[in-house]
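Build the full structure now, drawing on both the sequences and the hints.
Protein sequence lines correspond, in order, to chains Y and A. Take 1 as the starting number for the first sequence in UniProt numbering and just add one per residue. Take 1 as the starting number for the second sequence in UniProt numbering and just add one per residue.
Incorrect hints may have been included.
Computed footprint of chain A on chain Y, listed as stretches where at least three residues anywhere in the stretch have a Cβ under 8 angstroms from a Cβ of chain A [said to hold, decoys possible]: (1) 174–184; (2) 189–197.
What follows is a list of derived Cβ distance ranges for each label pair [said to hold, decoys possible]: (3) Tyr158(A) <-> Pro206(Y): 51 to 59 angstroms; (4) Leu228(Y) <-> Thr128(A): 53 to 61 angstroms; (5) Thr128(A) <-> Pro206(Y): 50 to 58 angstroms; (6) Gly116(Y) <-> Ala287(A): 27 to 35 angstroms; (7) Gly116(Y) <-> Asp82(A): 24 to 32 angstroms; (8) Leu22(Y) <-> Asp82(A): 26 to 34 angstroms.
If you are wondering where the hints come from, they were derived from the structure by calculation, not from laboratory data. Using N, Cα and C, we set each Cβ at its ideal position, and we do this for glycine too.
The primary structure of each chain is shown beneath.
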Amino acid sequence: MTVAAPTATTTPRRRRARLLRLPSTLIAGAIILLVSLLLALFPQLIAPYDPTAFDYNALLAPPSAAHLLGSDSFGRDVLSRVIHAYGLDLQIAVFATVPAFTVGVIVGALVGYAGGWVEAVFGRVVDAVITFPFLVLVIAIVAVLGPGLTNMYIAVGVVGWVFYARLVAAEVKVQKRLDYADAGRVMGYRPLRIIFRHLLPNSITPAIVYWMTDMALAILLGSSLGYLGLGAQPPASEWGVQIADGKNFMNTAWWISVFPGVAIVITGLGFSLLGDGLAELLRTRK
Amino acid sequence: MSALPSQALTPALSVRDLTTTFVTSAGRVTAVDNVGFDVFPGEVLGLVGESGSGKSVTLRSIMRLIHAPGVVGGSVLWQGRDLVTMPERELRRIRGAEIAMIFQEPMTALNPVLPVGLQIEENLKAHTPLDRAGRTKRALELMDLVGIPEARRRLSDYPHQFSGGMRQRAMIAISLASNPKLLLADEPTTALDVTIQDQILKLILELKRELGMSVVFVTHDLGVVAATCDRMAVMYAGRIVETGEVASVFAKPRHAYTRGLLGSVPRSGAERTMLLSIDGTPPSLAAIPPGCPFNPRCSFATEVCRTVVPPLDEVSPARLAACHHHDRVAAAGSPVA
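Below you can see the structure in the form of structure tokens.
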């Protein structure tokens, strides 16, 4: 013990070094989503036009200095509509996944810990949900409940929690056999305390990573439903709705559909990169 | 070493007919077979045996840590209450508060994602009425007590930032947070290097004196037993084959297996002699030989050993042995005396 122990105080240099060590995918994803968030919060500051203002002098105008990304069949500015859609589409990403994530993680942790017949029953539920194509199931539920975003959130939540629960249950099942879980039991902790305080923090990583990907999928789903007329309703700016608006003009005015599509791709990429980066970060930390 | 408790005292822990079986693909396996022993207040009992002899399973059975498909029978009386049949709620009030347990591998027994200080506070939260500030204060005291330097700074450190020895100290701090009356230690020093081993043993003995606990030490290391325990129980193939005060067992083993174990310990200072080993390997628990389970490896074995299971009987005052020929074994003398 003659060597002086390095002090653990965080100097600015150390903090910078740690930032540099962050996975590049995490940083890239975070930047994309940060910009997306700014666009979502302050669309009116950046968008050049009112997203619902008609300009009859520029119907189906191609990209130009006046309309950078062109205009649609009502003369609405495509760029402004894409920017104004950020709020709604990010909202879809969050609202559609958070209930599924929360419910799935809680149920998964309980199921994984309980094991036995609880797990067997849960396994059949998973089978039942997985054998249906996700999109078809969601469309069916929305069709029953009626079109609109709230019903879409409900539909996605009803189906989506299963995927999170499955991930967490598998992980908790491994963790509960480890010594520290036994140590918790032997310390006289309540099962719920062991599950949520001790096992869950060790088991939640795959669910968080999947959540990021799932938000990208939720945007796609929201857009798909918007396209089908079951999600956001016109005249709201929403990428799926916009793509649907442009479908009749695909040959003559491609920009109406393509640029909202590009926005979907970039935002989805942001979530995916963040998810990958997070996975890498949490893996190396272990 | 402290004075040995007299038999007149009532035992704090009294294990009777403890039997733990597992149903496996190879059939029913009895990992712990009719084990019985007492632990008196303030006493250190050593549970000794080779790997696979059932020491750890015995300890886990006492604490009801046997997972399905394991089944535990018999009784474990803790201050008159039977832990084996006790409802889960009641058991939770004893676990961690009155009986604590530490594990062999401190890295895996600590939660990797929670700071050590918080893990100490978890125990306090479960078993004491202390408020947040009180818990932090007590956690700090405990870290000091177990000899973790710079306790205040290290409270927020994670287990992976601790060395092996420090981790075991942290584990001890967590276990002892609520002043238990009995500490079950499952090979607490096996995963540590020798100098650290010694420190941890001394620490446990110190804490035992300070807190007035009893300790059950599971170990395969007879050196540890000699240095720390008052009494010892030797296990072989899931059974206890000999118990007694450490000094008297070392001086005059009355079971051939105990004698073999003692002969296989290297000693410093002694003349250089061949290290004795026990021939053969311990039997698989799925195929324990008839009669005395040790008979195929035993140089004292006779016909009766191959057919009749020797009962664990009192062979001399305060000494129990399960050997048909304990007199001959005793007469052969101790390899360490």
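Hint by hint, here is what the structure shows:
1. Coverage of the segment 174–184 of chain Y by chain A holds [criterion: at least 3 residues with CB-CB distance below 8 angstroms; count 7].
2. With 4 residues bearing a CB less than 8 angstroms from a CB of chain A, the segment 189–197 of chain Y meets the requirement of three and the coverage assertion stands.
3. A hinted range of 51 to 59 angstroms for the beta carbons of Tyr158(A) and Pro206(Y) is inconsistent with their spacing of about 21 angstroms.
4. For the pair Leu228(Y) and Thr128(A), the beta carbons lie near 59 angstroms from each other, so the given range of 53 to 61 angstroms is met.
5. Judged by the Cβ atoms, the range 50 to 58 angstroms given for Thr128(A) and Pro206(Y) is violated: they are separated by roughly 36 angstroms.
6. Gly116(Y) and Ala287(A) have their C-beta atoms about 30 angstroms apart, which keeps the hinted 27 to 35 angstroms range intact.
7. One distance hint, 24 to 32 angstroms for the beta-carbon pair Gly116(Y) and Asp82(A), holds here, with the actual separation near 25 angstroms.
8. About 55 angstroms separates the C-beta atoms of Leu22(Y) and Asp82(A), a value inconsistent with the hinted range of 26 to 34 angstroms.
Violated hints for the displayed structure, listed by number in ascending order: 3, 5, 8.
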